[in-house]
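Undergrad: Sequence:
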Amino acid sequence: MPDAAARDLDVVTFGETMVLLVAEPGLPLDDATAYRRSIAGSESNVALALARQGHRAGWFGRIGDDPFGGIVLRTVHGEGVDTSRVRTDPDAPTGLLVRDSHSERPIEVLYFRRGSAGSRLSPADVDPGYVGSARILHFSGITPVLSDSAHEASLAALEAARAAGTTVTFDPNIRRRLCPPDRVGEVLRPFAGADVILAGADEAELLSGAAEPVQAAGWFLDQGARIVVIKHSANGCWATDGTHTWKQDPVRVRSVDPVGAGDAFAAGFLSAMLTDSPSLDDIDVAGALARAAALGAAAVQTVGDVEGVPRGAAGTHDPTIDVRR
Numbered sequence: 001m002p003d004a005a006a007r008d009l010d011v012v013t014f015g016e017t018m019v020l021l022v023a024e025p026g027l028p029l030d031d032a033t034a035y036r037r038s039i040a041g042s043e044s045n046v047a048l049a050l051a052r053q054g055h056r057a058g059w060f061g062r063i064g065d066d067p068f069g070g071i072v073l074r075t076v077h078g079e080g081v082d083t084s085r086v087r088t089d090p091d092a093p094t095g096l097l098v099r100d101s102h103s104e105r106p107i108e109v110l111y112f113r114r115g116s117a118g119s120r121l122s123p124a125d126v127d128p129g130y131v132g133s134a135r136i137l138h139f140s141g142i143t144p145v146l147s148d149s150a151h152e153a154s155l156a157a158l159e160a161a162r163a164a165g166t167t168v169t170f171d172p173n174i175r176r177r178l179c180p181p182d183r184v185g186e187v188l189r190p191f192a193g194a195d196v197i198l199a200g201a202d203e204a205e206l207l208s209g210a211a212e213p214v215q216a217a218g219w220f221l222d223q224g225a226r227i228v229v230i231k232h233s234a235n236g237c238w239a240t241d242g243t244h245t246w247k248q249d250p251v252r253v254r255s256v257d258p259v260g261a262g263d264a265f266a267a268g269f270l271s272a273m274l275t276d277s278p279s280l281d282d283i284d285v286a287g288a289l290a291r292a293a294a295l296g297a298a299a300v301q302t303v304g305d306v307e308g309v310p311r312g313a314a315g316t317h318d319p320t321i322d323v324r325r
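In our numbering, the protein residues as written are 1 to 325.
Just so you know, the hints here were simulated from the structure itself, not pulled from any lab data.
Just to be clear, a hint being listed does not mean it is correct.
[As the list claims (entries may be wrong)] Here are the simulated EDC-like cross-link-like pairs (lysine to aspartate or glutamate), alpha carbons at most 20 Å apart as the crow flies:
id, residue 1, residue 2
1, Lys-247, Glu-212
2, Lys-247, Asp-281
3, Lys-247, Glu-307
4, Lys-247, Asp-182
5, Lys-247, Asp-284
6, Lys-247, Asp-282
7, Lys-247, Asp-276
[What the hints assert, rightly or not] Between beta-carbon pairs, the in silico distance windows are:
id, residue 1, residue 2, range
8, Val-214, Gly-78, 24 to 32 Å
9, Asp-30, Ser-255, 30 to 38 Å
10, Arg-176, Arg-254, 25 to 33 Å
11, Val-214, Pro-250, 33 to 41 Å
12, Arg-254, Leu-110, 34 to 42 Å
13, Pro-90, Glu-212, 42 to 50 Å
14, Arg-162, Arg-254, 41 to 49 Å
15, Asp-65, His-244, 17 to 25 Å
16, Gly-312, Arg-37, 34 to 42 Å
17, Arg-74, Thr-33, 24 to 32 Å
Ideal Cβ positions, reconstructed from N, Cα and C, are used throughout, including at glycine.
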């Protein structure tokens with residue numbers, strides 16, 4: 001990882017952030033009459049969670065010149081995330097996501113994002129100097145599948161990070177409604193060589209074409225990844241660098257709303273990376289997995305993507321944080 005003293009930000013993320021309307025807990029959308037307003041976006045979720053942990057985070061993307069865009073900007077900036085590179089698009093609306101929340105059945109989600117400002121992200125929106133000002137560039141597989149221009153922007157950000165010596169972390173975060181399985185490889189494999197991969201077991205197998213997670217992890221390492229994390233949902237997770245393997249049991253909590261757990265997990269892992277060492281070679285991977293699992297568990301105990309992520313000072317992390325509230 002680059003010299004921290006030479007970097008203005010700890011982490012930069014980018015992607016689409018939408019206004020989120022969450023129905024009353026437990027009620028399906030057919031019956032809901034009241035909604036809680038928030039925001040949703042994988043990358044901004046990670047940035048907000050990292051800011052809550054005391055890190056210097058930045059997020060960029062496009063928002064519409066509308067009230068929803070103002071809500072996104074005020075919310076992200078209000079959590080202490082740098083938004084200086086966010087662009088307002090006067091010709092496209094801010095996206096909207098409507099969903100319910102339930103701990104036992106699948107979540108119903110409605111997207112209103114076709115032609116949104118966020119989907120119009122392009123290479124012109126990527127400031128190489130800004131990307132290079134961070135110790136880590138983090139993004140997910142959602143952004144590259146939004147549009148051809150968003151895919152090109154993702155490649156431009158990756159190139160800028162590589163040129164600056166910025167560590168790259170990538171969460172495939174595959175959304176089948178945005179990208180059919182037969183196109184996943186074509187669209188997302190260019191990002192499979194990121195320094196750190198944070199993938200669900202099914203995502204890893206789909207992206208790699210491997211028959212099972214261990215083989216999939218090996219495939220990512222062959223692409224250039226240095227650490228691969230494989231998540232097994234309620235069954236915990238493990239990581240490998242090709243030589244060592246670390247395992248983490250799940251943190252058992254009462255789940256209220258499972259959405260956002262993966263983003264909080266990513267933030268926990270990145271937070272530990274930033275705190276532990278300036279070099280990937282010296283990271284306490286076991287501790288990073290523990291921190292990731294703890295933040296993921298904290299996130300699912302409240303309704304909303306990041307509302308459950310605790311606030312704390314960077315450098316004082318306790319991976320055994322008590323999240324069994």
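Undergrad: Okay, Arg-162 versus Arg-254 on CB: inside 41 to 49 Å?
TA: holds, 42 Å
Undergrad: Holds or violated: Lys-247 with Asp-182, Cα cutoff 20 Å?
TA: Roughly 31 Å between the alpha carbons, so the hint for Lys-247 and Asp-182 is violated.
Undergrad: Is 24 to 32 Å a correct range for the gap between the Cβ atoms of Arg-74 and Thr-33?
TA: With a Cβ separation near 26 Å, Arg-74 and Thr-33 satisfy 24 to 32 Å, so the hint holds.
Undergrad: Against the range 25 to 33 Å, how does the distance between the Cβ atoms of Arg-176 and Arg-254 compare: consistent or not?
TA: holds, 28 Å
Undergrad: What's the verdict on Lys-247 and Asp-282, does the C-alpha distance respect the 20 Å limit or exceed it?
TA: holds, 17 Å
Undergrad: Taking 42 to 50 Å as the stated bounds, is the beta-carbon spacing between Pro-90 and Glu-212 within them?
TA: Holds, at about 49 Å.
Undergrad: Do the Cβ positions of Val-214 and Gly-78 conform to the proposed distance bound of 24 to 32 Å?
TA: violated, 43 Å
Undergrad: Between Asp-65 and His-244, does the beta-carbon spacing fit 17 to 25 Å?
TA: At 50 Å between Cβs, range violated.
Undergrad: For Gly-312 and Arg-37, compare the CB-CB distance with the range 34 to 42 Å and indicate the outcome.
TA: violated, 26 Å
Undergrad: CA of Lys-247 to CA of Glu-212, is that 20 Å or under?
TA: At roughly 17 Å apart (the allowed maximum being 20 Å), Glu-212 and Lys-247 satisfy the hint.
Undergrad: Starting from the hint 33 to 41 Å, judge whether the C-beta atoms of Val-214 and Pro-250 obey it.
TA: violated, 19 Å
Undergrad: Just to be careful, I want the Cα atoms of Lys-247 and Asp-276 compared with a cutoff of 20 Å; is the pair within it?
TA: holds, 18 Å
Hints 3, 4, 8, 9, 11, 12, 15, 16, counting from the list given before, are not met by this structure.
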